[in-house]
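Protein sequence lines correspond, in order, to chains A and B.
For the first sequence, UniProt numbering begins at 1 and goes up steadily by one.
For the second sequence, UniProt numbering begins at 1 and goes up steadily by one.
Hints are supplied without guarantee of correctness; some may be wrong.
[To be verified] Some, not all, of what chain A presents toward chain B, calculated at C-beta under 7 Å:
| # | residue |
| --- | --- |
| 1 | T56 |
| 2 | A276 |
| 3 | E317 |
| 4 | Y345 |
| 5 | Q347 |
| 6 | N588 |
[To be verified] Straight-line alpha carbon distances no greater than 25 Å define the calculated DSS-like cross-link-like pairs of lysine-lysine that follow:
| # | chain 1 | residue 1 | chain 2 | residue 2 |
| --- | --- | --- | --- | --- |
| 7 | B | K362 | B | K37 |
| 8 | A | K110 | B | K133 |
| 9 | A | K356 | B | K62 |
| 10 | B | K133 | B | K171 |
| 11 | B | K362 | A | K422 |
| 12 | A | K596 | B | K35 |
| 13 | B | K171 | A | K49 |
| 14 | A | K399 | B | K399 |
| 15 | A | K250 | A | K185 |
| 16 | A | K342 | B | K106 |
[Stated by the list, open to error] One side of the interface only, derived from the structure: several residues of chain B facing chain A at Cβ under 10 Å:
| # | residue |
| --- | --- |
| 17 | I74 |
| 18 | S195 |
| 19 | C259 |
| 20 | E369 |
| 21 | K399 |
| 22 | S405 |
| 23 | T409 |
If you are wondering where the hints come from, they were derived from the structure by calculation, not from laboratory data.
Even for Gly, the Cβ is constructed at its ideal location relative to N, Cα and C.
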Amino acid sequence: MAPPAQSQRSPSPSQPSGKGEVSDLKMQLRQLAGSRAPGTDDTKRELFKKVISYMTIGIDVSSVFSEMVMCSATSDIVLKKMCYLYVGNYAKHNPDLALLTINFLQRDCKDEDPMIRGLALRSLCSLGVANLVEYLVGPLGNGLKDGNSYVRMVAAVGVLKLYHISASTCMDADFPALLKHLMLKDKDPQVVANCLTSLQEIWSLEASTSEEAAREREALISKPVVYYFLNRIKEFNEWAQCIVLELVSKYVPTDSDEIFDIMNLLEDRLQHANGAVVLATIKVFLHMTLSMTDVHQQVYERIKAPLLTLVSSGSPEQSYAVLSHLHLLVMRAPFIFSSDYKHFYCQYNEPFYVKKLKLEMLTAVANESNTYEIVTELCEYVANVDIPMARESIRAVGKIALQQYDVNAIVDRLLQFLEMEKEHVTAETLVLVKDLLRKYPQWSHDCIAVVGNISSKNVQEPKAKAALIWMLGEYAQDMQDSPYILESLIENWEEEHSAEVRLHLLTAVMKCFLRRPPETQKALGAALAAGLADFHQDVRDRALFYYRLLQYDVSVAERIVNPPKQAVSVFADTQSSEIKDRIFDEFNSLSVVYQKPSYMFTDKEHRGPFAFSEELGNLSIGTEPADDVVAAQRVEANDKDLLLSTSEKEESQGYGNNGSAYNAPSYNASTTTGASSGQLDLVSLDQPSAVHTTTASTAIDELLGLGMPAAPSAADLPALLLNAKAAIDPSAFQQKWRQLPVSVSQEISIDPRGVAAMTNPQALPQHMQGHSIHCIASGGQAPNFKFFFFAQKADDSSAYLVECIINSSSCKVQLKIKADDQSSSQAFSELFQSALSKFSLA
Amino acid sequence: MISQFFVLSQRGDNIVFRDYRGDVQKGSAEIFFRKVKFWREDGKEEAPPVFNLDGVNYFHVKVVGLLFVATTRINLSPSLALELLQRIARVIKDYLGVLSEESLRKNFVLVYELLDEVIDFGYVQTTSTEVLKSYVFNEPIVVDAARLPSLGPAALFMQGNKRMPGTAVTKSVVANEPGGRKREEIFVDIIEKISVTFSSSGYVLTSEIDGTIQMKSYLTGNPEIRLALNDDLYIGRSGVPSYGYSGSAGTGAVVLDDCNFHESVHMDSFDVDRTLSLVPPDGEFPVMNYRITQEFKPPFSINTLIEEAGSLKAEVILKIRADFPSSITANTILVEMPLPTCTTRVNFDLEPGVVGQTADFKESHRKLEWSMKKIVGGSEHTLRAKLNFSQELHGNITKEAGPVSMTFTIPMYNPSRLQVKYLQIAKKMKTSNPYRWVRYVTQANSYVARI
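Bound conformation, chain A alone:
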């Protein structure tokens, strides 16, 4: 029965306005408030229920607040609970009324019954009214020391609630210290778990302003604390285990023995029926073994079966969450899963989002031995009545063809798709055949024969039409009818809505003209005329360009429009390896499901307890000086042998387009264009590469940077010499940053003239490099810029790590320095500041 219908006097039971009912309730409650007659509690219960049902469906019942409070003087716990629920809902927005409740809540906090003490304390902390915090401190302090674990459990979370209402009150009362004590001493595991979550949240929020808090936050992942939790892990319930495991995954063990001990201890967690526990355990295993290639691979083998079991048990929603993680692992190490391909076959009743993941996995694990079976299976899906599924399956077949050596059979299959005469199948296949030809030009004869038979009238989708037109132009020599088909397409120029298709049409007719001039001349003329009159800017530009090119010199046009093409060996990947690594770092989180690192979808303040790694992710990595490139590449080369190593070189250069959140460093951009021009081809046809070079500004910056005296510091600070060629990779930096305590933290001012130079984010790193201080990562937008620097002592290679936040409007700089050798950190700080101040004068 719906709550509104419960009120029998309601004139319109479907949607009561609520007003009449609420004032009725108010009157009835008032009558009951003082009554001690037997049966009063039952009547009250009914009335309270009505109030709460109105509350649920969104009717404002705050007007009965005082009556509810008056009626709460009862020993009936069910009534009390309803009253607490009500009060919790309305107190925040009615602070004056909330004051009414303080009295009885405080009294209940001293009740004999621990249940009532706990419940009252929870309600008291949930009021969320800033003026009332003074009333919270006493009961909370008592709650933390209560003899009953339920009350302590509530109090531990209560401290966090207080912190969110008034951080200063919470800190002044020294509650975090009490929590820490409880966390390490309490017998009740849930109390311990709540202390941990509260402390994690409090220290993370405090860490940005307080050094001590940052230290405390680091202390939570120190060896003694982590071991304490590990030793008690079986006492915790499954949810608390997830929290502990997440904590352990942040811990950096000192040696491999420690890693094995931890993994042996947690091994049986992989057999837990709760997927969240299993994934949290897997995260620990994966992260701890990252640098141990063999063991890391064994971990993959070990976690395969539990993951597959989780995928096939539980609700479809749960299995989707696990499947997303399996997908991530398959994409990182396809060869480990190549014999499990049958698990990735789609079932007809699965939702599309599951099938899509499975198709990607099938594509990834395809190798010489299983390709035939996988492609056969995929062909079944192509015939599927489900159109999106058929499309995805064709794409999968195409992707497999593009990554295989022996594509013979696959090309035949693709060509068969064209004969199926289903519009969506034909369209999707055409796009693929086009890509295939760019990689394997040797197949052109077979393909052209089939493609030539397709009537352009049956192809309507712009992408497919563009692909067909591209082939008509590219293979004009081999396709008998090419000029005439193009001609008929040009006749319908006006009806062609897609600018992309019109652009391709222009290029194709150009190519065709250069090969078969007499037959195409007329079509070309018509196309150029139509193009010049086109309302779309790009189309008009291209038509004009071709027109002038032909006017200037036909042979030059030939060289530009129809140069001999190199087969494409690698298509640029859409997702950079850096992004993939970030997602892997955030294993067991939404990043994996969304296939995006968290900084792309969460606000900064919601990034969880240990936000450092995310911070670094927000910045662009890779401003190493030229000397370091060699070292970095050497590392990469080694990594390639490592199992899931990070990056393929082709990909790593392609990252400049990951959203506006960070600036592509000009340094990288120039290498991309310099080193790999001609090899790296974007999938889109004939479009200019999307990489922007900022050569001009770089040149100026270089002048600025190089113009600085190379080692001015030597004279000022003879005590400290830095290694000019120091190098560290970002992940090692990150790890070190986590391990080391902050040794210097201060705020300084810089010259506004220097700040002006901040408009180019590359200027400062290059300047600092002249002082042997290397930038690891940088980012931010005006007015806040953030940099991570790294330096190394020349004589004993101990490291200095710097976080530097520059506010360009206030000209303030916040410095945090961490050092292996604490004693020299002050000297380094001075050196750093002097280098920075020289930037100001540059």
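Fit chain B to the known structure of chain A by using the hints.
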């Protein structure tokens, strides 16, 4: 960290709404519902269980037509959130006996009471029905189960199995029976979901069994229970590739590829005598989930024949044979087959004299549906369908139609041959021997024959 939890009806009404952190706007339920309902304009694609909208992450699971939803702003573990939602549904069901819109509406105060203890300020405290008992004081208002669609795997036993009391699976863990005494009983269900794909020539391409041993205990005093499984049960197919069927088939051994256990299960003597021991907590929970890719005999064989009869006509003949003993009866069988889009009309010929069978052409989905109330083991059934098309198909019928899929339930049958040999209740009860129900059931997960 969960910001909000709410339950929506199929129409999008708020049945329960609890805000834990106050950092997500109040209208989130409406925003969520609109997004899910209109995920894609054509309405064909389902919304995924997790999505992000304006910085808010929405998680949802569907249980008996209700949407259980959680929101958060942080980068939470999706498994944790979805597992939690499923668990909340189970806890509520344990308390209310029946989970439905009506039972939730009647008991929303009790549900709020549960929610307050399950999550505090966004952090999960406990989802154990047992632990929650000491915190929860409302008595459930029991709704009549008979009128409601049943829920969950155990509900399979409701149909056609007279040997057990119908009320058992819909009994609340806290409500007392009329007469004040609780009936001492324990249910152990072996539920196997099978997936089989047949090639067009009738060979098994892939097959898998996903099994669960589910337990629901109404025993007082939390006695320890020992559950003995097959002697020849093995876990892990070490050395045997996952799909090497020849390996262990025929030896009679039951080989699980992998399995996982509820946290209450002790495996101390499992290696010696294949016995699991546990103290079952109150409420329903899976003792063990397992996965088998070992070859097994599929319960049904499906035979499809398509004959073209002229340019605009064709005949489809579907044959289903039940390959299990005649002492066993499958029920609620549905055979489906997509037909070419140009199909305009279908005439059906059922076997003469059959009862409990219907055949239908669902025009909107271009689908043939053949349903049977029951099939006795060893029997065979045939359906003939004459199709009329609006345009010529040029022999392309097989590319436009199929595959044939089948759903069914077979009580007292499990293809894996995994057994509970005995169920021992350690402590002697004061009262008479408690009732023990050990039940088997097999259900089709994805049972598909290509044509």
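So, as I understand it, the hint says I74 of chain B touches chain A; can you test that by seeing if any CB pair is closer than 10 Å?
Nearest chain A Cβ about 5 Å off; hint holds.
Given C259 of chain B as an interface hint, is its Cβ closer than 10 Å to any Cβ of chain A?
holds, 7 Å
Holds or violated: the hint that S405 of chain B contacts chain A, with Cβ atoms closer than 10 Å.
holds, 6 Å
With 10 Å as the cut and Cβ atoms as the points, is K399 of chain B at the interface with chain A?
holds, 5 Å
With 7 Å as the cut and Cβ atoms as the points, is Q347 of chain A at the interface with chain B?
holds, 4 Å
When the least beta-carbon distance from T56 of chain A to chain B is tested against 7 Å, hint result
Since chain B brings a Cβ to about 6 Å from T56 of chain A, closer than 7 Å, the hint holds.
Restraint satisfaction for A276 of chain A [CB to CB of chain B, less than 7 Å]
With a minimum Cβ separation of about 4 Å from chain B (threshold 7 Å), the hint on A276 of chain A holds.
Evaluation of the interface hint that places Y345 of chain A against chain B, nearest CB under 7 Å:
Holds, about 6 Å.
Is it true that the CA of K362 of chain B sits at most 25 Å from the CA of K422 of chain A?
At roughly 22 Å apart (the allowed maximum being 25 Å), K422 of chain A and K362 of chain B satisfy the hint.
Does the nearest C-beta of chain A fall within a distance shorter than 10 Å of the C-beta of S195 of chain B?
Check passed: Cβ of S195 of chain B comes within 6 Å of chain A, closer than 10 Å.
Between K171 of chain B and K49 of chain A, is the straight-line Cα distance small enough, at 25 Å or below?
At roughly 24 Å apart (the allowed maximum being 25 Å), K49 of chain A and K171 of chain B satisfy the hint.
Keeping to a limit of 25 Å between CA atoms, is the pair of K356 of chain A and K62 of chain B held or broken?
The given pair, whose Cα atoms are some 21 Å apart, holds under the 25 Å limit.
Violation of the numbered hints given earlier is confined to hints 16, 20 and 23; the remaining hints are satisfied by the structure.
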